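Enquirer: Please arrange chain B on chain A, whose structure you already have, making use of the hints.
Note that the protein sequences, when read in sequence, are chains A and B.
Numbered per the working numbering, the first sequence spans residues 42 to 615.
Numbered per the working numbering, the second sequence spans residues -9 to 144.
Because the hints were derived from the structure by calculation, they are not lab data.
Please note that a few of the clues may not be correct.
[Stated by the list, open to error] Examples of chain A residues lying across from chain B (beta carbon under 7 Å, computed):
hint: 1; residue: N393
hint: 2; residue: Y397
hint: 3; residue: L422
hint: 4; residue: S481
[What the hints assert, rightly or not] Distance condition first, Cα-Cα at most 20 Å in a straight line; then the derived EDC-like pairs of lysine to aspartate or glutamate:
hint: 5; chain 1: A; residue 1: K554; chain 2: A; residue 2: D184
hint: 6; chain 1: A; residue 1: K588; chain 2: A; residue 2: D364
hint: 7; chain 1: B; residue 1: K130; chain 2: A; residue 2: D390
hint: 8; chain 1: B; residue 1: K130; chain 2: A; residue 2: E503
hint: 9; chain 1: A; residue 1: K523; chain 2: A; residue 2: E556
hint: 10; chain 1: A; residue 1: K606; chain 2: A; residue 2: E571
Just so you know, these numbers come straight off a predicted model, no measurement behind them.
Every residue, glycine too, gets a C-beta built ideally from N, C-alpha and C.
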Amino acid sequence: MILGLLWMGVANAAVLLAARAALRRVETGRPALDLVLFLLLRFSFIMALVLAAGLGGFLTPAGLGLPCALLLGLLLLRGERFDAPWKAEIPRAYPRLAIGIAAFIAVRSLLQVWFYVPIEGDATCYHLPKVADWIRTGSFRVDLGTDPRAWFPAGFELVETWWALFLRHDALIEMAGLEFLLLASAAAWSLARWLGLTSPSALLAALAVASTPGLAVQSVFCMNDGPAAALVLAAAALIAGRAPFLLLVWVGGMAAGLKPTTAYAAPGLLLFWLLERKEAPGRVSSRAALPLLALLGLALGAFWYVRTWILKGSPVYPAGSPDLVDTIGGFPLQQLGPSLASLSTNLADLANQRIYDGRRPYHALLTYGAGWGPAIVACGLPALVAALRWNPRLRRLAAAFALSVVTVLALVLSDACSLRFILWFPALPALALACAVERSPRLYPPAMTALIVACLATTFSENYSLPTLIQQLRQDFSTGAKWTLPVQPDPSRVGVYGRYSLRAYLLQGPDFKTEVVSLRADSPERLTSEMTRLKISLLYAMGVSPKSREGRVLEESVRRGGLRKLATGVYALR
Amino acid sequence: MIPPCRERGQELESLPDAVPGRARGNGRPSGSCSSSSASENRNSSLRELESSRGARGHAINSGVTALERVRRRPWILLELALAGLLIAWRFAAPTWHPVWMDLLFYLALYWAWTALFPASKSWPGVTLALMLLAMGIYLKHQMPQMLLMVNLLP
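Okay, chain A solo, but in the shape it has when bound (with noise of 0.2 Å):
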């Protein structure tokens, strides 16, 4: 553990300096925009190293660490240095209230992260198990598993995979999302700053977007959307700021190799661009390192394409394929091209019901909720309305976003889920509050109090209730999520069996010690030969329906005697 922790020191000590060093040649000048650069430029390193490492068999600790450690000293060698943020000091003119919001958010997300583990469904069932495996081989080369999804683009598991690796232990895999979630708020600032609103106003925009409840449950829950939506935030404070058009290309890479809905939302993002196109153009202090970065952004993103089209035959995959649909009904679970029907259906349970997220608590993954929370529904959106009126620029975001909200809700299956792709729309009303409070000292009383009450909201969510936190605390370090499990797996190797909801990585534990294997048997009697030669002695079919065929074939085995249920969703071999 201790020299875990060592590397993982250098590794971030070797990044942080080299995106210190990078920004030196593309910083724009202007310190809210190249604070947004600079989180960029750490997360593509980042995703770079995890990436190179994995193809090349060397992803451990010390397979990591001595390149960054390399890294480190060459750059301390060339007289770089880094200025040390909490040197900074903090100007009167902000408010002590927004400051200690601010610090609350940053208290809370960090506890979060120590005390949550990953528990949410989908990061369980097919973002995580590929980092737990990963981490587990030290390479790329494992079986991705039956879940179709697991081959979507994984370039925020790249980052994830960064948090674990060097502990071995996914104690603070969290922060991933938690990074994406200050590169949401610091695309805000620079939005609030390209605005001409002053820093304590740009500081209350951030603010809104960092305590949006979407954003915030899911910065602790592992999941891509908030990340997307941070990225997609991003981009437009990069064509606010009139970047050069290589670093969209750059940062558009990145995206769609974290998650491919965020090209979802690129013809706002063009419109923006062709609407800003008559401001004068950004400077940049160098711009020889611009290919590199578009190349670096492409590579990102097309090596999930590419390799899912050698493999599967279709870069999409599993989009529009049979392969990605309802086990029991047949209906597709994702929508592959543009739907009217999706569009109203969306929009409408946006307006009518999801808005006001009371349906169901705070979920990671938005339930029937949007997850935009008191400080965006209760003053981000009257404040929208009035600040259209006076500020043309926030007009022209606003037209960017709108077209963007219809392009995404269109291409989007309308299910219980189907908001959280929109996680970047809540910062337009958040810039708007913070427009509207600038301008009338009167409207800061309820927006600071819509902040603290989102700040409250969303320190318990209906992943992490306080009973289940109470409980988790209970649990010994090494037990992970284990403890939600029926039956406790075997510490070496188990199976699993089915298409969804498999949640393979609780079973692989926090420290990623328990190989989990999937069996794809079609018969009672391959399935248990194929337990029996692997050494297979339980089996886990979680979320298995006994409709699907899968479902059929454990009832034919237990009934047959080749299998015992031990409980819900587990098996023993006899």
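Expert: Using the frame of chain A, we list chain B on its own:
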């Protein structure tokens, strides 16, 4: 605590018409007390904001009637029509709450009001009232779920 560099008592589109090129209110450019680095390139944004205000400043003043305003800026009719459509939709849509508990309904009313009275000096008060109302509506829906999470509801 209110940020010290906030401008006070300003209306939506009412400008000190006699002082073109200056930010409204206290007469200093908005953000002039910004504490961040001067390298933040904001001059163009200020110019743009100020020119947009200046261009419309003479056409709009708080003394004209709503009818006169519509005559001078006919696109207000389009805004009013859209707000009216939104209100009609809120009555027609199958919501799970009554219209008087519907945020979009109030936002549409507010939109119509800002279109008709863009120079109203009471906009901060009206906006404040709407924010409080919207907060009440949001919390009425969301609060039970919030309490459920901390085990304060059965």
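Enquirer: Evaluate each hint against the coordinates.
Expert: Quick rundown of the hints versus the structure:
Contact between N393/A and chain B, as hinted, is supported at the beta carbon level, the nearest pair being about 5 Å apart and thus within 7 Å. At a threshold of 7 Å, the smallest CB-CB gap from Y397/A to chain B is about 4 Å, leaving the interface hint in force. This hint holds: L422/A has a C-beta 6 Å from the nearest C-beta of chain B, less than the 7 Å allowed. The beta carbon of S481/A comes within 4 Å of a beta carbon in chain B, closer than 7 Å, and the hint placing it at the interface holds.
This hinted pair checks out: K554/A and D184/A have alpha carbons roughly 16 Å apart, not beyond 20 Å. Straight-line distance between C-alpha atoms of K588/A and D364/A comes to about 17 Å, which keeps the hinted pair within the 20 Å bound. Between the alpha carbons of K130/B and D390/A the distance comes to roughly 18 Å, so the proposed pair stays at or under 20 Å and holds. A distance of roughly 18 Å separates the Cα atoms of K130/B and E503/A; the hinted pair therefore holds under the 20 Å criterion.
For a cut-off of 20 Å, the pair hint linking K523/A to E556/A stands: about 14 Å separates their Cα positions. Of the pairs offered as hints, the one joining K606/A and E571/A holds, with about 17 Å between alpha carbons and a cut-off of 20 Å not exceeded.
Checked against the numbered hints above, the structure breaks none of them.
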